[in-house]
Amino acid sequence: MENVRFLLTGDTSLSVEFGNAINEAINHDIRAYKIALENAAIPGIVETVPTYRSLMVHYDPAVIRYSALKEKLEALLHEMGEIEIPPSPVLEIPVLYGGEMGPDLPFVAEHSGLSEEEVIRIHSSAEYLIYMLGFTPGFTYLGGMSAKIATPRLKQPRVKIPAGSVGIAGTQTGIYPIDSPGGWQLIGRTPVKMYDPGRETPILPEAGQYMKFYPVTQEEYDAILKEVEAGTYVLKTHAKEEV
Amino acid sequence: MSIRVLSPGVQTTVQDLGRFGYQQFGVPVAGAMDPHSMKLANLLLGNDPGEAVLEITVMGPQLVFDEANYVALTGGDLNAVLDGKPMPRYQAVLVEPGQTIRFLGLKNGCRAYLAFAGGLDLPLVMGSRSTYMKAKIGGYKGRKLEAGDELAFRAPNPKLPFPERRVIGPDFVPQKQYEIAVILGPQDDCFTEEGLNTFFREVYTVTADFDRMGCRLDGAVIEHKNGGDIISDGIAFGAVQVPSAGKPIIMAADRQTTGGYTKIANVISSDFRILGQLKGGDKVHFVPVSIEYAQNAMMLDRQYYKMIADFLSCE
Chain A
0 MENVRFLLTG
10 DTSLSVEFGN
20 AINEAINHDI
30 RAYKIALENA
40 AIPGIVETVP
50 TYRSLMVHYD
60 PAVIRYSALK
70 EKLEALLHEM
80 GEIEIPPSPV
90 LEIPVLYGGE
100 MGPDLPFVAE
110 HSGLSEEEVI
120 RIHSSAEYLI
130 YMLGFTPGFT
140 YLGGMSAKIA
150 TPRLKQPRVK
160 IPAGSVGIAG
170 TQTGIYPIDS
180 PGGWQLIGRT
190 PVKMYDPGRE
200 TPILPEAGQY
210 MKFYPVTQEE
220 YDAILKEVEA
230 GTYVLKTHAK
240 EEV
Chain B
0 MSIRVLSPGV
10 QTTVQDLGRF
20 GYQQFGVPVA
30 GAMDPHSMKL
40 ANLLLGNDPG
50 EAVLEITVMG
60 PQLVFDEANY
70 VALTGGDLNA
80 VLDGKPMPRY
90 QAVLVEPGQT
100 IRFLGLKNGC
110 RAYLAFAGGL
120 DLPLVMGSRS
130 TYMKAKIGGY
140 KGRKLEAGDE
150 LAFRAPNPKL
160 PFPERRVIGP
170 DFVPQKQYEI
180 AVILGPQDDC
190 FTEEGLNTFF
200 REVYTVTADF
210 DRMGCRLDGA
220 VIEHKNGGDI
230 ISDGIAFGAV
240 QVPSAGKPII
250 MAADRQTTGG
260 YTKIANVISS
270 DFRILGQLKG
280 GDKVHFVPVS
290 IEYAQNAMML
300 DRQYYKMIAD
310 FLSCE
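Protein sequences, first through last, are from chains A and B. The opening position of the first sequence corresponds to residue 0 in numbering that gives the first Met the number 0, with each subsequent residue numbered one higher. The opening position of the second sequence corresponds to residue 0 in numbering that gives the first Met the number 0, with each subsequent residue numbered one higher.
What the hints contain is simulated information worked out from the structure, not anything from laboratory work. These numbers were taken from a predicted model, which means no experiment stands behind them. Don't take every hint at face value.
To be verified - Sample of chain A residues at the chain B side, in silico, Cβ under 10 Å:
#1 Arg4
#2 Leu6
#3 Leu13
#4 Tyr51
#5 Arg120
#6 Leu132
#7 Thr135
Just so you know, even glycine gets a beta-carbon here, dropped at the ideal spot from N, CA and C.
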C-alpha cells in the first residue's frame, strides 16, 4: 500500500485512493482497510463507501477535523500488516435459468456458439468478485465472467425488467435489484431479494464479497420464493478459498 | 388526518437530513437540497433541526389544515399566503383548523421549506424520512405529493411557548451572481492549469437542467489533461463533476453514490444553502477555499443553530 493517496472530497468526506485500475488486488486492499477502519472505531466517522479505486470516508468535522483524521488514517495504513483479515464470504445465489425467467438465454447461447446448458454451466461455475455497489440501491458491479459467454446488450432496451433478473451485458454479469428498464441479456432470475428496504438488512451483498450462482429447478425456485416472502430465507454462504 | 393536499405543486416532497449509512450499498443519501433553511424552519418550532419537513419546489402546493399546529416557512420566497393573506416567513405561525396555505408563485430562490411543530407522522426507511423518488422509498409513499394525499402530524403543539420570540430575519438573499466556495479535488489533477484557471475565472449559468440529482451549468469549457472519464469512485454532495465535454454539473441530494466522471472541486457545506436555491438562468462564480476555512464555516453555522435553540428554550 505504498501509493495510497488521500484526496479531498469536500468538507465532510475524503477519499483514500488505492489505485487507478479495476483489479482484485486493489479491491482486496480496500476491503482490508475498510475492516481495519471499522475495528479502529475512530470517533466521528459516519460511514465508508468502497469503490473500484478507493474507500470514501464520511465524517463529522465537529468530532474530528480533516488533519486529525488524515493522521489517524495514515497511521492505520502502516498497521495493516499486523491486522488479520477474515476470508471473503461467497454468497450462493439460486437462479432459475432460461424459459420465462431468462428469455435471452437462447440468444446468448447462439451468440457464444454454445449450448444453453454450457452457458449455464459456465455462468454458474465462477465466483464473481463484488467490486462495488452503486447505480441503484443494491446493484453489484461484478468481475470475473468468462469471455466465452460475453454478449452485447440488447439493441432495444426493455421498459421493465423484474427485480431478481440475472443478465449479461458485454463482459459483465449482474442482478437487477429493483424493477427497472434496462438492456441486459436476461438469462435467469433469482427468487432472493437482493434489496428490500423494509428488511433488517436491506441490502445483502457487500463490496469485497463474492457471488456464485447455482441453477435451481422451478420447484426449488418456488420453494425458496415462499421462504423469501415469509422472511425466513437465509442466504447460504461459504468462505472464499485463499488464492 | 392533519393536512390535506388540495393541489400538490410541481414537486413537493418530504425531506430530512438524508439517509446515511447505506451509500456503500448504492443507496443515495437524498435529504433537503438546502439543509440550512430546513434546519432554521425546525429550530423556530423547537424541533430537532433534522426533523422531516416539506421541500417545496418553484410552484407550491395548496394545503388545508384539519388540525391546529405551529408551522415555519423558510428558504426561497414562493409567495405563500395563509387564507389569502401573505404568510410571514422565518417565523413560527399558528395555523388553525380549516385554514389553507397556498403558494402564488416564485419570487426568488427555488425551494421553500415548511416545518411542522412535532414533525410529520411518517415511517423511517433505513433511518430516514427523506423521499428518494427514483427507488420509491421514504417520505410519503416514496413519491412527491399528489392531490388528495393526507399527512398526519406526529406530535403537534398548538401551544408552543413564547411564539413572539420565534422569528429571525429572512436569511436567503437573492443575488445577481452567487459566489460559491469550493474545495479543490478529488480529481483536480486531471485538469490542465488553463482548465483550473477557467473554472475559477469564468461565470457559469444554471441551465434548465437542474433537479434534486444535479445542477447542469453552461459556460466556458474546462480543459482536461486526458478527458473526463475515470474509473468510478464515490460522489459527495456538492461535487462539481466535469465530463469530457467540459461543462460542470454540481451533484446534489439525489446524486448516485458513485460515478465515472472527473470531479474538479466540491462545494463547501455552508454553501449548500445557495446550491439548493439555484434555478435556470442564475449565475455562479466559483471561489477556492481551504478545507480549514470550510470546516470553520461549518462550525460557525452549528454555533448559530445552537444559539437559536438555546434562545428559544430558555425561560
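Hint-by-hint comparison with the structure:
1. At its closest, the beta carbon of Arg4(A) sits 9 Å from a beta carbon of chain B; the interface hint therefore holds under the 10 Å criterion.
2. Because the closest C-beta pair between Leu6(A) and chain B is about 4 Å apart, less than 10 Å, the hint holds.
3. The closest approach between the C-beta of Leu13(A) and any C-beta of chain B is roughly 8 Å, which is under the 10 Å cut-off, so the hint is satisfied.
4. Given hint, Tyr51(A) at the interface with chain B, holds; its Cβ is 5 Å from that chain's nearest Cβ, closer than 10 Å.
5. Taking 10 Å as the C-beta cut-off, the interface hint given for Arg120(A) is violated, the closest approach to chain B being about 30 Å.
6. With a least beta-carbon distance of about 4 Å to chain B, the hint placing Leu132(A) at the interface is held under the 10 Å criterion.
7. With a cut of 10 Å, the hint placing Thr135(A) at the interface with chain B holds, because the nearest CB-to-CB distance is about 6 Å.
This entry does not satisfy hint 5, going by the numbered hints stated previously; all others are met.
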